[in-house]
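Asker: Sequence:
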Amino acid sequence: MSEAAPNLEDWIGSSETARDTISPRVAEGMAATLDWEHAPQAGDPLPPAWHLAFFNPAALQSALGPDGHPARGGFLPPVPLPRRMYASGTFTFHQPLRIGEAAARRSEVMAVEQKTGRTGPLVFVTVRHTITGGAGVALTDDQHIVYREAAAPGAALGRGEAAPAEPVWQRMLTPDPVMLFRYSALTFNGHRIHYDYPYVTQVEGYPDLIVHGPLTATLLLDLARRSVPDRSIARFAFRAKRPVFANRPLTVAGRPEGDGARLWALDHEGWLTMEAEVAFAAA
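Heads up: the sequence shown is residues 21 to 303, going by our numbering.
Hint data in this document are derived by calculation from the structure and do not stem from the laboratory. Warning: the hint list may mix true and false statements.
As the list claims (entries may be wrong) - Distance ranges between label pairs, derived from CB positions: (1) ASN76 - GLU277: 11 to 21 Å; (2) ASP64 - ASP30: 36 to 46 Å; (3) TRP56 - GLU121: 17 to 27 Å; (4) ARG179 - GLN134: 26 to 36 Å.
We put the CB at the ideal spot given by N, CA and C, even for glycine.
Please build the complete structure, drawing on both the sequences and the hints.
Answerer: See the structure below:
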């Protein structure tokens, strides 16, 4: 007699705590990956979104699934769908994390929702990460993860959305396999879609390596930092719209809006791949 499928909602309230040191060496690696000429030093505030390089679980090699992710279950619900994507998120910055300090991240499953979309069943999992440094809570990171069925190999993405506005700030770059490998290494992300070309093209059916959603979000925040260097960021909310593939031009753009900014990323065909909003801290 087969076991009954687990009730995924039972994982709501599941939590874990990770501890890490905001290493200057990791910050140096992130600065190099983003093409900063000068890396922040010990005691400096950690730039926005760089917290994604810390607190990541070190799963045993024997515990990894065929896609390079840790096997399902444990802290996150064991969703029986093969594709997992970081769909959207919100970073709320309360005070700086500082490079060199010890910090802790408490993670809690806040919601599990099961829906049906155009491509079949979907499961949305919301996780809240609360990061605490030496001076108290520094950052709240709400992540929305979506699980879905695998698409048919070679399935076309179809038409997307156009840019939402005329940019005031704009930067073009071409994420290549080296950049994706470096970001995977910095975030200890073993997902093979970011570095294993035969796997991503032959098994998952994509045309090329996929740029990490968090890397695109980090590039948008980096554009805001370059464009408004004298303002600190209080809140950043983003939503992924379609995949970004390596070896193709990516445009990150934005414009001021109220006491913040509207940001977006466009793929090589000009389609919207991510949109975001920034709120600046009070001057």
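Asker: Each hint needs a verdict: does it hold in this structure or not?
Answerer: Results for each hint:
1. For ASN76 paired with GLU277, a C-beta distance near 33 Å fails the hint of 11 to 21 Å.
2. Checked against the given bound of 36 to 46 Å, the beta carbons of ASP64 and ASP30, roughly 42 Å apart, stay inside it.
3. A hinted range of 17 to 27 Å for the beta carbons of TRP56 and GLU121 is consistent with their spacing of about 20 Å.
4. Taking 26 to 36 Å as the suggested C-beta distance range, the pair ARG179 and GLN134 conforms, at roughly 28 Å.
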